[in-house]
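Position one of the sequence shown corresponds to residue 3 (my numbering), numbered consecutively onward.
Don't read these hints as lab results, they were simulated from the structure. Heads up, the beta-carbon is just placed ideally off N, CA and C, and yes, glycines get one too. One or more hints might be untrue.
[Claimed, not checked] Think about it this way: if two alpha-carbon atoms lie no more than 27 Å apart in a straight line, the pair counts; the simulated DSS-like pairs of lysine-lysine are: (1) K494 to K539; (2) K710 to K687; (3) K222 to K567; (4) K25 to K71; (5) K475 to K553; (6) K357 to K568; (7) K56 to K175; (8) K710 to K339; (9) K555 to K565; (10) K119 to K197; (11) K247 to K150; (12) K274 to K56; (13) K221 to K5; (14) K338 to K370; (15) K95 to K79; (16) K71 to K110; (17) K568 to K553; (18) K222 to K651; (19) K119 to K109; (20) K536 to K494; (21) K119 to K164; (22) K109 to K71; (23) K338 to K274.
[Unchecked claim] Pairwise CB distance ranges (calculated): (24) G92 to K630: 29 to 35 Å; (25) N213 to G111: 43 to 49 Å; (26) V403 to K630: 30 to 36 Å.
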Amino acid sequence: MIKLFSSLTELKGVGPEFAERLKKLEIETIRDLLWHFPFRYDDFSKISKIADLKINTIATISGVISDIKVRRSWKRKMFIIEALINDDSGSIKAIWFNQRFLLAILKKGCMLNLAGKVAEAPKGGLIFSHPSYEIISAVFRKENQETKHTGRLVPIYPETKKVTSKALRFLIKPALDNLEKLIDSIPLSVLKKYKFPEINKALKNIHFPKNLEEALIAKKRFAFEDLFFLQLVNLHQRLELSREKAYKFDISDKCVEDLLNKIPFELTASQKKSLWEILKDFKNPRPMNRLLQGDVGSGKTIVAALAALLIAKKNKQSAFMAPTEVLANQHYQTFKKFFKDFTEGIALLTSSESKIFYGDGLETEIKKTELFKKISRNDIKIIIGTHALISVRQSKSQNIVFNDLALVIVDEQHRFGVRQRAKLKDYSPNYLPHFLSMSATPIPRTLSLTLFGDLDFSIINELPVGRKGIITKVVAPENRDKAYAFIRGQVKKGRQVFVVCPRIEKEELEEGKILTQRDVLKLETKNVKEEYEKLSKKVFPDLRVDMLHGKLKTKEKSEVMEKFKKREIDILVSTSVIEVGVDIPNATIMMIESAEMFGLAQLYQFRGRVGRGEHQSFCFLFTDFFSKTVYQRLQAILKAKNGFELAEKDLAIRGPGEFLGGQKIAQTGMPDLAMKAAQNPELVKISRKAAEDLLEKDPDLENHLQLKKRLGFFERKTHLE
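Throw the hints in and build the complete structure from the sequences for me.
Okay, here's the thing in structure tokens:
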């Protein structure tokens, strides 16, 4: 019997070289192999007679080889294997290209099944071009044994170079046949309630189903399993967090009102509601774990800042962390701008600078070692920096020691896992800080429950009063010059422009590669370096054009953004690095090149980078590819009332993986099946309910030890922290 976590080398045909190829598909154990699920099935189940075959159809036949030979095609420089197959109704030729090894396998008189597309032969008649084949025997037929590659629903898998679906089927079938009996980690009561097959049956049905219904139920079962464990992880983390102690703050209405009276505008209804939800959490002696969501420019930062200031009034500290130094600096400037009379100390700490603001225009640069001392003495109440604020550094002198850290605010990092929270205990061993995460990416409800089910949600779904709507236009190639003329006019009026491109530089393709439509699209995609050259030298030689992208050093990026803020740059050509948090009120035009290459949520984010000042703002979506799908997607941007409505459409069009983007999806480690299943509200709902019911009866899973063990493996595998 084969054990689940055995090495692949236990399987016949897997040597060191082939094992290395399988590694590219992240297959290293028997379990990896069996959980490498098909993404579709070819229906080769019906055996047709040769006489009944029709051109351009997919078919399976069963016959005998009456002749087989090889010939050389000098024109195409390849070997062609030709076999003549007969059954009791007629004959048909099958051909394979550059597979001379078939002569040693397929012999005259050999009985086999062929499955594939029936094509028209060059000189008339029908032909099987490059079909799948499976050698069978009279005994085989008589005993009605299972086939793997023909005469059934045939699984098609994600492949890599020199690892085909056929090769995977050769490995998976014997692995399944000889696998030890597995114990199901999902409780039997849950399987029965939701009518899912147990693990051993489900594995066979997902790889070699008798019919499509079997395959779909098995796939649904595994999707449910991943969602179920994700929900268990989320709910278990929520339960663990509820057992921790946090500082309890009862903040009076008068204290809040006095603070609100100091800012020069009134909060929107949803800003007030979000602030009230945060303050309600502060009254609880358990740590807050909340995600504050809102469109770009909706005022999330001011809500988080108010929370930090109210904590400061209780003589406790807050850490405010941003993903970049540019954004950290921007948050620092927001505090200085709106809370000029705050004298308890607001520090900015990044790799390139450290300074303190004491209110009334008092600001001083300070050595980091001195700043650390002040933080450790509680002389500084609010510390703003990057996510490195709570990371462990090699030198102890570079580690921050907070005196009384009561609140951690993280911008644009949805998940703050168990290990990171454990690190916070180092700063506050007796009390765990309250945690507030902010995100400008509106996340649909089903995806939120799946990915961030351990968080409470506050949503800001309206823009500040008086904010002008952004005029958005889709610009066809023939109208590009008109758009350039309009942009020039706006710059002459003193406005500034963002130009966003999907890539930093031109895509390089392999020499001699046959180009697919996607490859052509990549070659045509606009990139920052070429656009900068074109705009600065040809289109706007009289204007000040600069560029910003991820390959620049942190200091260089900061310098470019500072020049843009000071209006020393008219047009900034950038990659999506400007998507997060950059606030330039004088920038009134967002020009997005190759708009079809971005997701709807991303485009919405870009558009939100303008329209933040008193002047009318514009967003131009440039595209050279006007397919029906591109048109529908870009029209959705024009019509969407808010980011949440658009996020739902984006999720439906592109799926969760693309919606979140490659990097973010890698960070979640969310299994593919669960990621796809997150689009299914019903499956998310029942997986959540199943997890809640189980934990209600057995919060520490003491009566479900197999499940508890599997949950630990799942947490490590999905690296949700």
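Numbers of unmet hints, in rising order: Structure breaks hints 3, 4, 5, 7, 8, 10, 11, 12, 24, 25 and 26.
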